[in-house]
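Construct the entire structure; sequences and hints are all you get.
Protein sequences appear in the order of chains A and B. Note that the first sequence ends on residue 276 in the working numbering; no numbers are left out. Note that the second sequence ends on residue 1165 in the working numbering; no numbers are left out.
The hints are simulated quantities; they were obtained by calculation from the structure and are not laboratory data. A couple of the hints might just be wrong.
Stated by the list, open to error - Computed spacing ranges between beta-carbons, pair by pair:
1) B/Pro1051 x A/Pro85: 22 to 32 angstroms
2) A/Asp131 x B/Pro1115: 44 to 54 angstroms
3) A/Pro85 x B/Thr1121: 34 to 44 angstroms
A quick note: this is a predicted structure, and the numbers were derived from the prediction, not measured. Note that CB positions come from ideal geometry on N, CA and C, so glycine has one too.
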Amino acid sequence: MVGDSVYCYGQTQNYKNLGQPNPNDLLADNWLVVFDKNGQFGSKRLLPTLQKSRSLGPVTPQNKMIKCSNDDIIFVNNLNRSNLPVPPTYDTTCVITRYNPANGSVLWTKYGTRDLPEGDINQIVELSNGDLFVLNFAKSKVIKLSSSGDIINTSDIDIFDQDRSANAFYDGNLKMVGDDLYFAGITSNGQGFSIGVDLSSSTVYKGSQPWLVKMDFDGNVLYSKFYDVTEGYFNDILQKDNGNLQMLGAAAKYGTSSYSGFLMTLDADGEIVTTN
Amino acid sequence: MKRILTLFLFLAVLLQACRKDIIEEDLVKNAEGISVFDLNARAVISMQKIPGVGYTVLYSASKNFTFANVGSALINEHGKLISSNTYGGSLNDFISNYTNDDEGNTYVCGSTFSPEIRINTLPSPYNPSDDAYLCKLDDKGSLLWQIGYSDTATANFGSLGEIFQ
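What follows is the structure in C-alpha cells.
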C-alpha cells in the first residue's frame, strides 16, 4: 500500500531470465521493488514498459519516476531508437507510461516521435490539477499533458537551447514550490548553455553557476537568474514561512574535487535577501 | 644557495596561500547573502526543514577523495553546520534518489559496491559489481538502517534509481 511502503524503481542487467549469458550484453530491465519501512523486501514486479524494452533495445539510465496525487506511478524512459514504433532521427526518444500499482495495470503509454515531440525527457512534474508538465531540454520544448497523456500544448523555451550532448540537467530540480513552478540547477556561463555535475565521478566542471528559472504552467519563463557562486549549482528549493525561497546549493572547494554546501535566501523575484 | 632555496620555498607557500584566499573569496562573491557550510561532498542532493532546528541536508560524500558515501548534515536556519555524518561501507555507495515520509525520516536509494553491505555472492556473470542500496535516516539525519539488495533468483539488481513512499 502506498504510504506504508517504500517503492523503488530498480534496474537490472538481467542475464538469467533474458537468456543473455554474455556479460557484455547490457540489456536492462526495470522493476518496481517494494520494501516496508523497516527495509524488509516485500515484492517486485517487472515493469510493463521494460517488457517492451526487450525488443526496443537497451534502456538508458536516465529514467524518472513520479508518484501522482491519486497514487498512480508515471515512469519515463529514454529509449534507444531501435524498434521504436516510429524511430527518432537521433539516438533516443522518450516513453512515458502511467501505471496503477494497486492492480498492476498500464493506464497508457506514450512514445516520443509517434505520440509526443521527439527527444529525451529530462524533468516531469504533476501540477495541482493533475496535468503533467514535461521538459525536454535537448529540443528546448515544454510539453503539457493531461492526466490521460494527451497533449494539451507544446511550446519552445529558448533559454534551454543548447547542445544536445550537454544534457546533464538530471541533477537539477524541477519542482512545484507553493503554487509556483521552478527549475533550480546549473549553467555554465549565463547564456543558457548547461552543464552538470556527474554524481558517479568527482568531476567538477569549470565556470558553472547556480541557475534559477521560474515558469508559468504554459512554459513561459517569468524570470531566469544566475548567481555569483563560481563552480556552484542549486539542487533544492523550499519555501519559507514568509514566502521567500530557501535555496540549497553546492560550491566547489578550492584545491579539491569536493563541494561545500551553501544556503541562499531569495525573495519572490529571485533577488538575494541578505538578512534571514 | 640554501638561503635562496628557503626564500623560494617561502614565496611559493605565500603565493599558494594568497591564491587560495583569492579563489575562495571568488567562489562566493556575495558572502552577505550566502551561508556556506563546509562539507566534503561530491554533490549536494536535498534539504528538509526541521522546525525549530534548521535543515537536514542529504549529500553524496567524498571519502578520502576516492570513494563515495551517503552523507547527512544538520545545519541551522542560517546555514551554520551543526553536525555531519557519513554512511555506507568501505567502498563506493552511490545515491540515486531519496524520499521523505510524514515523520521526517529520509529513505535513500542507490547502489553499493561495499562488500559488508552487499548480499549477492554469486560468481560472475550473475553477480554484477554492485547491489542495490537502501537506507533510512531519522529527522536528524542519523542512520536507522541500511541494506544491500539483489535478487539472484531472477534478476541482478545493480541499482535503485527512484524512490517514493
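- Message: Is 44 to 54 angstroms respected by the C-beta to C-beta distance linking A/Asp131 and B/Pro1115?
- Response: Hint holds: Cβ distance 46 angstroms, inside 44 to 54 angstroms.
- Within 34 to 44 angstroms or not, the Cβ separation of A/Pro85 and B/Thr1121? 41 angstroms, holds
- Taking the beta carbons of B/Pro1051 and A/Pro85, is their distance inside 22 to 32 angstroms? Between B/Pro1051 and A/Pro85, where Cβ atoms are some 50 angstroms apart, the hint is violated.
In this structure, the one hint that does not hold is number 1.
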